[in-house]
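Every letter in the sequence shown is one number past the one before it in our numbering, and letter 206, counting from 1, is 231.
Fair warning: there could be bad hints in the mix.
To be verified - Just the calculated beta-carbon pair ranges, DEER-fashion: (1) 147 x 113: 36 to 46 Å; (2) 226 x 140: 32 to 42 Å; (3) 76 x 198: 50 to 60 Å; (4) 246 x 209: 25 to 35 Å; (5) 208 x 120: 20 to 30 Å; (6) 259 x 128: 22 to 32 Å; (7) 226 x 125: 42 to 52 Å; (8) 145 x 192: 17 to 27 Å; (9) 259 x 189: 17 to 27 Å; (10) 76 x 191: 32 to 42 Å; (11) 250 x 113: 26 to 36 Å.
Said to hold, decoys possible - Each computed DSSO-like pair below joins lysine-lysine, with the alpha-carbon atoms no more than 30 Å apart: (12) 128 x 248; (13) 148 x 238; (14) 71 x 148.
FYI, nobody ran anything at the bench for these hints, they're computed from the structure. Owing to the predicted nature of the structure, the values given are computational and were not obtained by experimental measurement. For each residue, glycine too, the CB sits at the ideal point set by N, CA and C.
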Amino acid sequence: MMIPMKKLLPLFAVFMLTVSVTSCLDWDNEEELSYLTWATVTSNEKAPTLRADNGMILEVLNNVLTDTTFYEIGDRVYLQYTYGDTSQANGTHYPIYLSNYMKMVTKSYVTVANDTDDVYLSKPFSRVNSAILSGGYLNCILQTFASYATLNTVELVRYKVEEQNLPTDTLPVILMTLKHNATSVDYNYVQMRGLSYSLDSLATEFPQAKTFKLRLSWTDDSKFNTFDLLYSPSSNTP
């Protein structure tokens with residue numbers, strides 16, 4: 026999605042680094058109460074079924090697309106929805122009307138183990154809308170300045186070389202930076218992106234850790250930002 030800067034509207038409410046994934050969102054200025062969550066597609070029919078990170082099965086009542094199918098089974102999506110008639114809901118399955126959705130790119134973070142490993146460029150973001158832990162992922166909704174170069178990725182870079190953790194630590198401090206890994210950008214346009222970074226490998230590296238402190242940093246609008254998040258691998262749902 027590419028949007029001219031001068032026409033950019035607040036497509037997403039700014040829930041900066043909160044830990045809740047079900048909230049009201051004025052995505053398209055609807056007055057009706059709506060909800061947000063991350064989910065996995067379990068059927069890709071025109072009225073798909075999704076499994077939310079908290080375990081709820083969401084059965085879509087309305088046709089999502091008229092001429093093609095939904096995202097592929099197994100894809101991760103960020104969605105806005107309202108509930109249908111829940112009088113017959115059994116506590117796990119809920120009927121919903123899907124209002125908006127966005128496919129999330131799922132990937133692993135990359136690790137800088139020594140100074141020579143840091144090959145990642147760092148163009149500033151236009152805006153980091155949210156960075157939220159859910160489902161064993163760090164889920165990021167952000168806006169990058171447009172790039173027309175071949176190299177144009179968003180990486181979550183772990184600076185292990187700067188950490189002082191031991192394998193036996195029960196509360197390791199993990200240093201991570203979001204980077205727009207691009208050679209050049211056009212500051213007149215922005216692109217909306219959704220990325221989910223898997224954090225599963227941390228539990229393998231630190232088997233005694235019940236909680237991790239993720240010290241997340243990034244640069245947007247030429248301002249350096251940092252924030253601490255607590256991640257518990259034993260509870261991958263919000």
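- Task: Provide an ascending list of the numbers of those earlier hints which the structure does not satisfy.
- Result: Hints 1, 2, 3, 4, 5, 7, 11, 14 are the ones this structure does not satisfy, whereas the remaining hints hold.
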